[in-house]
Every structure is written in structure tokens, then in C-alpha cells.
Amino acid sequence: GESVGLHLPTLSVQEGDNSIINCAYSNSASDYFIWYKQESGKGPQFIIDIRSNMDKRQGQRVTVLLNKTVKHLSLQIAATQPGDSAVYFCAETVLQSGAGSYQLTFGKGTKLSVIP
Amino acid sequence: DTEVTQTPKHLVMGMTNKKSLKCEQHMGHRAMYWYKQKAKKPPELMFVYSYEKLSINESVPSRFSPECPNSSLLNLHLHALQPEDSALYLCASSQGPGKGELFFGEGSRLTVL
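Read top to bottom, the protein sequences are chains D and B. Residues -14 to 101 in our numbering are what the first sequence lists, from first letter to last. Residues 2 to 114 in our numbering are what the second sequence lists, from first letter to last.
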């Protein structure tokens, strides 16, 4: 079946600890990056974004770090809570030349499980 | 109103059926998107509409036919689908092409028998 061999990278953390979720992106021309959270049975929910002219951006309990040299993005969640359990996707935008539109491409995702 | 509303939430159809998925947003967004998501995989882009015109078609089979009747509505017409088309279909919108984050709906879970 289609699910044979498929699995998401997983991260298990204790409630109250900090979580770090990593993402490698592919296109050095990408200029806008977004982290999304997707809970089971729901659509992706925006968490935080960052433009390529920045290397760090902070939100409420979340921080995104961007390292353009190695094309790496990370999401840090402070004081992780059970409600943070979800799949987290990074996404990069690539300008489609001639189309006038940005194409948002998602990374593979990481499943975060918070242990109470 | 910061919602993208998708209907139906669940749809079961046979391979000879014709059905449609609907998406609506009232945020004044001028770009709308269809994504397909299989289990344990990231969403994959299917179509992008920019100012009600189709701007990106990611080589999607013609059995999927998008339509943007106005700036608030996006439809996906389905005909002669295959069982492997079973997936979660996500609609999203953004302020404009290349402007801001995408807001996603909850998705329509499609099962093709």
C-alpha cells in the first residue's frame, strides 16, 4: 500500500522543555520562509515567517532562525506544551518567472509529540 | 473574518461520478490555491489563481478542473477520478501573489472508491 515505508521524522519532548525543529531547504533563490503547524484532521496553521534578509525572528514562544549559507531553517518552541503536539512543516517560496506568482513549497514535516 | 471555508469536509465518490469541492474566503485576498495532501506527506501544490486568473498549474491531470468564479470563491471540479486521488484537498488564500502567508482551510477529505 502507499503507506509502506512512509514515516515522518519525529521529535518527543517533555512538557516544559524547549523544542527545536530543523529544516533544510533546497533553493538558494527562495526569499521567504514560513513555519506551519498541522494538527490531526486540520489544515496547516501559520506560526511564524521570516524573509531572507533576516537571520532571526521571534514570536510568542517561538523563534525562527535562518542560515542562508547552509540553507537551513529552525523553529524553536519555548516551554513546550501538550497543545504544541502536531506536525510542523517549513515552507519556502520560489518566484515562478513569468507567472507573477509565488509557489509555496513544503518540506517533509516533523511530528512533535509532547510528553505530559 | 480570517477564515478559509471548505465544503464538503468529507466526500466519497465513485470513479464515474462528477463532484465539486468548494472554497470561500472573505479576507479580500487576491491569490487562491489548491493543494493535495496524502497521508504523512506535505501538501503539494496543484493550482494557483492570481486575480481570478489561473497562473500556475502543476501538471495536474485534466480530471481535476479548477474554477474561480470571483475573488472570494474557488472550486475544484472532479470527474473520472482514480482511487489514488484519495487525499485531503486543501484550499488556501493569500493577500496577493507573493504577498504574505497562506491561510489554509480545514480541507476536504476525498475518498474515491
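Calculated directly from the structure, the hints in this document are not laboratory data. Remember, predicted model here, so these are calculated numbers, not experimental data. One thing to keep in mind: the hints can contain errors.
[Claimed, not checked] Pair by pair, the computed Cβ-Cβ distance ranges are:
(1) D:N38 to B:H27: 31 to 37 Å
(2) B:R31 to D:T54: 33 to 39 Å
(3) D:A64 to B:H27: 33 to 39 Å
(4) D:S11 to B:R110: 24 to 30 Å
Every residue, glycine too, gets a C-beta built ideally from N, C-alpha and C.
Going down the list of hints, with the structure as the test:
1. Restraint check, D:N38 to B:H27: a C-beta distance of roughly 32 Å satisfies the suggested window 31 to 37 Å.
2. Judged by the Cβ atoms, the range 33 to 39 Å given for B:R31 and D:T54 holds: they are separated by roughly 35 Å.
3. Take D:A64 and B:H27: their Cβ atoms lie about 35 Å apart, and the range 33 to 39 Å holds.
4. Between D:S11 and B:R110 the CB atoms are about 29 Å apart, so this pair conforms to the stated range of 24 to 30 Å.
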